[in-house]
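Protein chains in written order, with numbering that gives the first Met the number 0: chain A, 0 to 107; chain B, 0 to 258.
Mixed in with the good hints there might be a few duds.
Residues from chain A that keep clear of chain B, each with C-beta distances beyond 10 angstroms, as calculated [claimed, not checked]:
(1) Pro-3
(2) Lys-13
(3) Asp-25
(4) Pro-48
(5) Asp-71
If you want the footprint, here are the derived chain A segments under chain B, 3+ residues with CB under 8 angstroms [said to hold, decoys possible]:
(6) 28-39
(7) 52-59
(8) 78-90
(9) 93-101
Using 25 angstroms as the maximum straight-line C-alpha spacing, the simulated DSS-like pairs for lysine-lysine come out as follows [said to hold, decoys possible]:
(10) Lys-216/B x Lys-75/A
(11) Lys-75/A x Lys-212/B
(12) Lys-126/B x Lys-100/A
(13) Lys-47/A x Lys-75/A
(14) Lys-126/B x Lys-13/A
(15) Lys-83/B x Lys-45/B
FYI, nobody ran anything at the bench for these hints, they're computed from the structure. Cβ atoms here follow ideal geometry from the backbone N, Cα and C, with glycine treated the same way.
Here is how the chains run, residue by residue.
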Amino acid sequence: MLYPHERSLVEEMKNRPFALIGVNSDDLDRAQAAVRKNEINWRSFQNKPQGRETSISDDWLLYTWPTIVVLDADFKVRYRGSDCDDATAVARQLVSELDGKPVVVESQ
Amino acid sequence: MKAKSITTFLLTLVFTQLATAQVEESPGQKYQNLIAQVEVANQAWKARLAELREKERNGGPAVPVDAFQSPLIPFVAQFNTAAKNYAGTPDAIPFLTWLAQNALPMVGDQRKAAKDAVRTLVTTHRKSLRLEQLEWMIGRLDYFYDEKEALEVGLLLEQESPSAKVRAYATFSRVGATINKAPVDSDEFRTAKSEILKVLEGVEIKDLASSVKTRIKMRENFSLGMSPPDIVGIDLDEVEFALSDYKGKVLFIDFWGDW
């Protein structure tokens, strides 16, 4: 599970030009329960909420789960894949380019 | 004594003729006989596996690993021998096709026999309609040859196969890597796309067509540097918002589930 990593990423990026958004594949009850249980502190959509004709993952042509997509400030794809470390590195670099603060390097 | 000798002679004659008939089994009969034996072995294997699984469900020992072993393995050598006996003639084609379709997931000599069978089919028998049964194998000739050879063999199939399906798979084998890797704004990509879509228009291969079209759509619409469609709706707290509201920030979007 990526929750601890994502929670710390949200914390690390507080007050910086960054947002973490989830797209959840479960039904609404299960998704809401998961948010509470795992103390998820970022906004999430349902992948296919009631009334929506197509799922977000279909619209985005994503066929594997979990997948992470990183968009830059111009809404362009800069990372697409399932490696959380690679996605985080790309996001940190982009945020650093935006606000001029140095890239955070995690201690090993 | 004389009558006994005649009987012995006649019996010998009958057995000799039966033996001769056995030797002279036609290629078609040989193939049908082997297929019938395969079917019997397959049914026996399935029945045994079902029985072992039932015992396991009822608290018996776990199904042993060897019970999952394909019952087709012992037949590979027989199909291979028959293919060799009829080598270079159309009679070899059914045996080679069986090897290609059945022995490729195996290992060692069986897998080698399957790969050799595919190579023989797409070269020696490239004008046979039976090659249609190879499907993805023709679409991935790089799996059986090095890059240069795959291109040469594929081009011959595109030029000489009487089957539109085989030609389409061969075209895919040639342009597939370009569709998958070349920059979408390059002439190389545009040419490959136009070629494969044109070929697929004239032939009914649903799986290949949908896979190629999805791949092209994905590459053209969602490659690095492109903008995905906006997400608009309500979040899990039932608050309305649009992903594009976050423009100006770096977005880390996690497609997740509570699995």
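Evaluated hints:
1. Pro-3: 13 angstroms, holds
2. Lys-13: 13 angstroms, holds
3. Asp-25: 5 angstroms, violated
4. Pro-48: Violated, because the least Cβ-Cβ distance between Pro-48/A and chain B comes to about 6 angstroms, which does not exceed 10 angstroms.
5. Asp-71: 6 angstroms, violated
6. 28-39: This one holds; 8 residues, not fewer than the three required, reach chain B with a Cβ under 8 angstroms.
7. 52-59: holds (count 4)
8. 78-90: With 5 residues close enough to chain B, the hint holds.
9. 93-101: holds (count 3)
10. Lys-216/B x Lys-75/A: Holds. Lys-216/B to Lys-75/A sits at ~17 angstroms (cutoff 25 angstroms).
11. Lys-75/A x Lys-212/B: 23 angstroms, holds
12. Lys-126/B x Lys-100/A: 65 angstroms, violated
13. Lys-47/A x Lys-75/A: 23 angstroms, holds
14. Lys-126/B x Lys-13/A: Answer violated: Lys-126/B to Lys-13/A is near 66 angstroms, above 25 angstroms.
15. Lys-83/B x Lys-45/B: Cα-Cα ~30 angstroms, so violated.
Of the numbered hints given earlier, the model fails hints 3, 4, 5, 12, 14 and 15; all others are met.
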